[in-house]
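Residues per chain are reported as follows:
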Amino acid sequence: MRFSFTEDQLALREAVRDLLAKECPPEVVRAAWPEPDADGQGPGAGARSTPEQLAAVWHHLAEMGVLGLLVPEAHGGLGFDEVAAALVLEETGYVAVPHPVVETVCVAAPVLGDPAPDRSKVGWGEVAISGTVLDKSLDLRGPGGKADEVAFDRAALGTAAQLIGLSRRMLDLTVAYVIERKQFGVAIGSFQAVKHHLADARLQLEFAAPAVHRAAWSLATSDPNAARDVSMAKALASDCAHLVGRKALQCHGGIGYTVEYDLHLFLKRAWALEKLWGDAAWHRDRVGRALGV
Amino acid sequence: MRFSFTEDQLALREAVRDLLAKECPPEVVRAAWPEPDADGQGPGAGARSTPEQLAAVWHHLAEMGVLGLLVPEAHGGLGFDEVAAALVLEETGYVAVPHPVVETVCVAAPVLGDPAPDRSKVGWGEVAISGTVLDKSLDLRGPGGKADEVAFDRAALGTAAQLIGLSRRMLDLTVAYVIERKQFGVAIGSFQAVKHHLADARLQLEFAAPAVHRAAWSLATSDPNAARDVSMAKALASDCAHLVGRKALQCHGGIGYTVEYDLHLFLKRAWALEKLWGDAAWHRDRVGRALGV
Amino acid sequence: MDLTWSEHEEAFRADVRGWLEANLAEWKAAHGGDVPSGDTREGFAIHLEWERRLFDARWAVVSWPEQYGGRDASLWEWLIFEEEYYRAGGPQRVTQNGIFLLAPSLFEFANDAQRDHVLTRMASGEDRWCQGWSEPNAGSDLASLTSKATRVDGGWRLNGQKTWTTRGAFCSHLFGLFRTDPEAERHRGLSYLLVPLDLEGITVRGFGRLDGDEGFAEVFFDDAFLPDDALPGGVVLGEVGAGWSVAMSTTSSERGLTLRSPGRFLATARRLIEGWQALPESERAERGDLRHRVIQAWMEAEAYQLQTLQTVTGTVEGRPAGAESSLVKLWWSELDVSLHETALDVLGPAALLDGPWAKGYEFSLSGPIYAGTNEVQRNVVAERVLGLPRK
Amino acid sequence: MDLTWSEHEEAFRADVRGWLEANLAEWKAAHGGDVPSGDTREGFAIHLEWERRLFDARWAVVSWPEQYGGRDASLWEWLIFEEEYYRAGGPQRVTQNGIFLLAPSLFEFANDAQRDHVLTRMASGEDRWCQGWSEPNAGSDLASLTSKATRVDGGWRLNGQKTWTTRGAFCSHLFGLFRTDPEAERHRGLSYLLVPLDLEGITVRGFGRLDGDEGFAEVFFDDAFLPDDALPGGVVLGEVGAGWSVAMSTTSSERGLTLRSPGRFLATARRLIEGWQALPESERAERGDLRHRVIQAWMEAEAYQLQTLQTVTGTVEGRPAGAESSLVKLWWSELDVSLHETALDVLGPAALLDGPWAKGYEFSLSGPIYAGTNEVQRNVVAERVLGLPRK
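Protein chains in written order, with the numbering used here: chain A, 459 to 751; chain B, 459 to 751; chain C, 2 to 392; chain D, 2 to 392.
Hints in this document: simulated from the structure, not taken from any laboratory. Where hints are given, some of them may not hold.
Stated by the list, open to error - Distance condition first, Cα-Cα at most 27 Å in a straight line; then the derived BS3-like pairs of lysine-lysine:
#, chain 1, residue 1, chain 2, residue 2
1, D, 392, A, 640
2, C, 360, A, 726
3, D, 360, B, 640
4, C, 360, B, 640
5, B, 640, D, 29
6, C, 149, A, 640
Whenever a hint applies, use it, and build me the whole structure from the sequences.
Here it is, written out as structure tokens:
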């Protein structure tokens with residue numbers, strides 16, 4: 459029994475974390491939103507980088523091999539397993555990488571990089587360059603999609619990992635804000651109500667994250683309970699991100715409600731990912747069926 | 459439109475309130491629990507009055523006419539309607555009268571006091587003297603019992619009213635305690651976490667009580683939505699009492715957890731009534747069916 | 002107790018309903034059916050047309066005296082109006098900050114000239130009023146605001162910044178608090194001023210809200226001169242230096258009924274139920290958890306209606322509510338979030354990307370924040386309703 | 002990452018399971034099948050027999066060194082033991098306050114003579130230890146306690162009152178904090194004393210808990226003389242005046258794993274699922290809301306197990322958890338309440354009146370209160386894990 463990560467996995471995570479900290483600040487995320495209108499308004503308003511910087515994030519991830527992380531080395535990938543993928547995807551969630559990373563890393567690359575002849579007509583590397591193409595060519599979203607079950611579970615796992623990363627980011631942003639922001643002459647983070655909101659957020663994170671890591675292990679080892687474990691991970695991660703988002707917005711007050719502040723970039727991503735590849739209720743139901751409940 | 463009570467209804471409530479404040483303190487409620495064992499232990503331990511004082515409460519209520527409150531004056535009752543009954547039963551909940559008041563006021567007395575010949579073989583007054591007899595002679599408890607629907611709804615309403623009274627009592631006890639009790643050099647009621655617990659309790663009470671009063675009116679006027687309105691009242695009152703009980707126990711800390719302190723007398727009564735005559739989920743389901751949901 | 006409406010009230014209801022049936026579809030159709038949000042520049046103008054239509058038929062401010070365009074309607078009739086308005090799917094009221102927040106203070110504190118000039122023009126949409134409470138460093142802690150009005154010959158010199166002024170970029174006037182006595186601290190030394198936004202030295206900058214609309218504005222005052230005669234009757238509401246108590250009468254109505262009548266939530270709950278009923282039978286059978294949430298949301302909306310009827314009875318009979326208005330604000334703001342969360346779970350991922358529920362959800366999340374955060378409201382309940390020690 | 006157990010650990014599990022199968026039913030049968038609660042006088046004696054049986058087979062304190070009756074088991078093996086113990090339906094451990102709260106402090110602070118004398122006798126149940134932390138005016142605010150130990154010739158003179166000592170009425174010894182320096186305030190000037198309860202001047206009065214059992218006691222010290230040689234190695238644990246830090250090492254284990262291992266909740270969750278499965282099909286179909294709560298409760302128990310495995314890996318590899326133990330206490334205490342609430346809703350009104358779930362529910366409600374209220378724990382998480390200002 460050893461519930462922690464290998465040096466290799468941690469080194470990969472560090473590398474991705476460093477890359478994204480540098481290449482994917484909030485301005486890059488905002489650049490993926492529609493341009494503001496003539497009055498400078500719209501959800502994409504605020505500090506934004508260029509389309510080139512946005513595209514560069516994808517190319518950097520591709521160059522580093524992250525997009526083919528699950529593809530065997532023999533087929534040009536990095537040959538890591540789902541445990542490493544979960545760690546890396548958590549990092550992409552933390553910065554809200556505005557590209558179809560889960561769809562590529564978890565679904566397309568392994569499927570296309572699979573040596574079975576009928577699936578490898580297209581090289582995964584080629585596809586991985588453009589998430590948009592991928593997104594349209596495969597109809598894999600949501601329960602009942604066409605992907606086979608493993609691909610679906612891998613995508614649900616990857617999404618759960620991103621939700622953990624997003625939750626951490628929203629919590630970090632909020633902790634920093636409530637220490638800084640003063641009302642009634644003191645930092646609002648010294649009010650017990652604010653403390654308890656954020657303790658609740660931290661509590662959900664503490665117990666959702668190991669469930670995601672375990673689901674990764676179950677997939678990596680083709681455990682017979684893998685589908686159940688993935689569903690548990692996605693259900694807990696979705697509910698966690700939802701609660702953390704609510705607490706984050708509430709503790710920010712008005713400023714969290716504006717598009718020029720960064721919080722909404724993570725909040726809206728979390729709202730979308732909560733429901734994609736099966737929402738919490740759908741996955742809870744699947745856990746129930748596995749348990750005979 | 460006038461959503462408040464008549465002078466007569468309020469006067470009746472005052473009279474019952476005064477009577478019960480005098481005749482039914484916590485020691486009387488405790489007297490209905492089993493005697494402590496040889497070591498002075500058991501849930502009935504603590505200050506308790508005599509069996510005679512316990513019995514006196516019932517006789518006082520009978521003498522005042524409260525038990526026949528819904529029976530027409532022509533048949534020896536007070537001739538009040540369900541709105542008055544809800545007000546009075548709330549008071550019996552507040553002091554946790556340890557007698558089958560709802561069963562008598564809402565079910566047996568109106569049924570037995572009904573002038574239809576096949577039902578009035580027994581005078582209601584005779585039965586009302588002994589709740590125990592009544593309890594065994596009619597199998598009316600819980601959904602699916604044998605009472606007709608109006609009797610069932612009246613009982614659910616009366617129970618909801620008692621739950622409102624119990625909630626008020628638990629909140630009052632707790633407010634008094636947190637103002638008195640000091641930790642860390644201040645009254646624990648000055649901590650924001652305690653304030654918010656009790657504000658939540660007060661909030662549920664504020665919105666559950668009018669639903670109970672409206673259900674009483676619907677029954678009194680044979681409104682076509684009466685069953686739905688009763689179910690809404692019982693669902694909200696059950697959930698309210700449950701939440702208030704949790705908050706009360708938590709804000710009391712250890713002392714609320716002992717049988718010698720009074721809180722448990724109200725808490726356990728609330729737990730029982732929450733589930734009797736249909737629990738919150740059962741009644742929510744009935745509201746749903748009425749709404750076509 | 003009598004929970005029925007009188008014949009007179011039923012007739013009033015029929016009038017409202019009839020008028021809305023005749024006018025609402027027409028107004029929507031005139032704008033291509035899909036009217037943009039009133040919190041965008043384009044949508045605001047279209048909504049103003051609707052306000053004008055309401056005003057012309059004397060439905061804009063039913064509870065006001067006839068002389069200002071109202072109908073002298075009772076509180077009961079006002080509730081009926083709101084219920085019918087939202088049941089029919091009436092659009093957001095872009096004039097509401099003036100009508101619901103400033104007007105009550107005008108009725109209580111203004112002189113006749115101020116009332117005569119401001120009220121009717123506000124009700125018709127000729128003047129559009131936004132509120133100037135919050136500042137970058139004074140949100141929940143309103144008493145810490147620092148925008149100044151300095152007395153000069155013939156008027157006031159304004160300096161400072163307001164923010165979070167809803168729809169401020171589309172408005173013509175602002176009402177708000179300014180510090181007129183620089184020596185006084187916190188609640189003292191503030192005055193309630195009425196300010197045309199076209200004065201030299203005032204800059205209004207709209208900015209985006211979570212839902213993407215330009216719903217907020219910042220207003221900068223850079224040595225702007227506000228003449229005493231900028232409005233008939235003067236620019237100070239109430240006494241100079243008494244701004245706090247004038248404002249508090251306003252924020253108390255903000256928290257209470259007028260801002261969010263039960264009719265709104267009853268209408269939302271009804272739409273939620275319709276959304277649920279539209280799901281295929283098989284899906285409904287699988288989502289028993291959601292079914293209970295739908296029913297619970299309806300019950301909570303209904304409970305709000307009932308608590309309102311009880312409160313209004315008390316008001317009519319001379320038993321006004323006090324700090325209980327904080328309970329009302331807690332209830333509707335948290336109910337609104339749960340109605341929308343439930344609807345999004347009913348409708349699934351597609352609803353999240355677009356559509357009225359997604360927009361409504363984003364808006365609902367502001368409920369527990371504005372008009373006094375729910376944390377502050379819970380403090381108020383604990384201290385002023387339950388009597389717990391302030392500290 | 003490797004989430005499988007080694008052959009050695011699987012063998013350990015098989016041993017535990019085999020022994021429990023052979024002994025548990027036998028012990029229960031010997032007492033008529035329905036053993037009374039260990040928090041009653043009668044039940045306590047019966048449970049002590051069970052403890053003796055565990056001790057004789059070296060299952061009482063598996064993680065302790067062999068010389069004190071343990072097996073030198075690893076943390077992993079301890080978790081396996083707990084899992085099997087509660088899965089098999091093993092009874093409450095009436096010696097747990099000594100084993101889980103006092104023993105860790107003994108291993109850290111005691112001298113050899115104290116260890117040699119106290120540990121084995123505690124593990125076998127020969128001496129029964131209760132804790133003396135709380136006082137009537139010092140619950141969450143432990144530093145405010147006032148029970149005094151005054152230095153006199155050859156020992157200490159004890160005065161004051163302890164309360165909430167679990168099963169105190171059935172115990173032979175008490176460990177707790179006493180003020181030895183009357184001048185020092187709050188955390189200073191306290192000493193950690195080991196006190197036989199049969200001294201003259203000590204009165205123990207049991208009193209009833211919510212669930213009706215005599216589970217608590219008050220202990221009165223009325224000029225009781227505690228000789229220095231009441232126990233071999235002396236009656237002070239650690240240094241005189243250093244009681245606070247000795248006690249804190251204990252309360253930190255109290256909050257963490259040792260008091261409530263995940264195995265307990267996994268077993269409870271499994272019983273909840275069985276209760277659900279036992280409902281008639283028709284009823285299950287109607288209670289979709291409840292079905293989701295059952296699944297959720299199982300997931301939360303499972304998540305607790307996983308978080309524990311991660312934490313224990315860290316401990317084994319030298320990354321000990323800090324204030325995160327507060328998160329663990331929040332999780333299991335709130336999980337325990339929701340497991341029992343869900344079970345009572347599954348089972349309906351009849352279950353409320355009697356039976357193990359009703360009793361378990363009442364006991365679960367003490368979880369968010371004792372060992373530091375959950376309000377205090379949330380403060381700790383906010384301040385020490387997240388770094389928010391203390392005030």
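Quick rundown of the hints versus the structure:
no.	hint	verdict
1	D:392 / A:640	12 Å, holds
2	C:360 / A:726	12 Å, holds
3	D:360 / B:640	30 Å, violated
4	C:360 / B:640	47 Å, violated
5	B:640 / D:29	45 Å, violated
6	C:149 / A:640	20 Å, holds
Going down the numbered hints, you'll see the structure goes against 3, 4, 5, while the others check out.
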